[in-house]
Amino acid sequence: DAGVTQTPRHEVAEKGQTIILKCEPVSGHNDLFWYRQTKIQGLELLSYFRSKSLMEDGGAFKDRFKAEMLNSSFSTLKIQPTEPKDSAVYLCASSFRQGENQAPLFGEGTRLSVL
Amino acid sequence: GDSVTQTEGQVALSEEDFLTIHCNYSASGYPALFWYVQYPGEGPQFLFRASRDKEKGSSRGFEATYDKGTTSFHLRKASVQESDSAVYYCALNTGNYKYVFGAGTRLKVIA
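Top to bottom, those sequences are chains Z and S. Using my numbering, the letters of the first sequence map in sequence onto residues 1048 to 1162. Using my numbering, the letters of the second sequence map in sequence onto residues 92 to 202.
In isolation and in its complexed conformation, chain Z is listed as follows:
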């Protein structure tokens, strides 16, 4: 079975640029998450979609981060404009909404470096 697919695996951006990260969730999953991972903060939730509807828009991240889910099989995370402090690994995860099989499955992540 195909897992969560994230592209690109690596991204290098200049400060002030706009970047778009992409995610294809596991087919049939109805929850989708975007996380940011850093050594200091660990895993931080950026956005959450339930059946394509945005339920969590990131709180402190919302001013420059925007996640969208155009259809059930594709999501994007836009960072505009980028800042050096955005350098991190961005992880997409998907899961079933409920039940014994509920557990977020993660993609391999996109490592972002902002110069």
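Honestly, I wouldn't trust all of these hints.
[Stated by the list, open to error] Below, a list of computed lysine to aspartate or glutamate pairs in the EDC-like style, where the Cα atoms sit at most 16 Å apart:
| id | chain 1 | residue 1 | chain 2 | residue 2 |
| --- | --- | --- | --- | --- |
| 1 | S | K189 | S | E107 |
| 2 | S | K189 | Z | D1078 |
| 3 | Z | K1086 | S | E133 |
| 4 | S | K189 | Z | E1071 |
| 5 | Z | K1099 | Z | D1078 |
| 6 | Z | K1125 | Z | E1071 |
| 7 | Z | K1062 | Z | E1115 |
| 8 | Z | K1113 | Z | E1091 |
| 9 | Z | K1086 | Z | E1071 |
| 10 | S | K189 | Z | E1091 |
| 11 | S | K168 | S | E107 |
| 12 | S | K189 | Z | E1103 |
Hint data in this document are derived by calculation from the structure and do not stem from the laboratory. Note that the coordinates shown come from a computational prediction; the quantities given were computed from them, not determined experimentally.
Following the hints, complete the assembly by docking chain S onto the known chain Z.
Showing chain S alone in chain Z's frame:
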């Protein structure tokens, strides 16, 4: 708020040693508990979950038992291999969309 505490930041073992990584949680409800493993350059991989007191989860030789009395979900493996070197995360979920992850425990197994 809900929280997960992993006592050990790093663990160093020799091959065939017994592994224990401690995980304690604090939650207002009755959470589901999870273990994930993350290898360098990859995303966290789901190992297993447990959702009831005394339930044991297991996968790939790793196991943990949900203990509501001590609010713990310690990860154990009888005999580690060099290939088990990775970062291990304990997590909980109380039924909404928010998963709370521990800070992670880095395991290094020396051949």
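Hints the structure fails to honour: Violated: hints 1, 4, 7 and 9.
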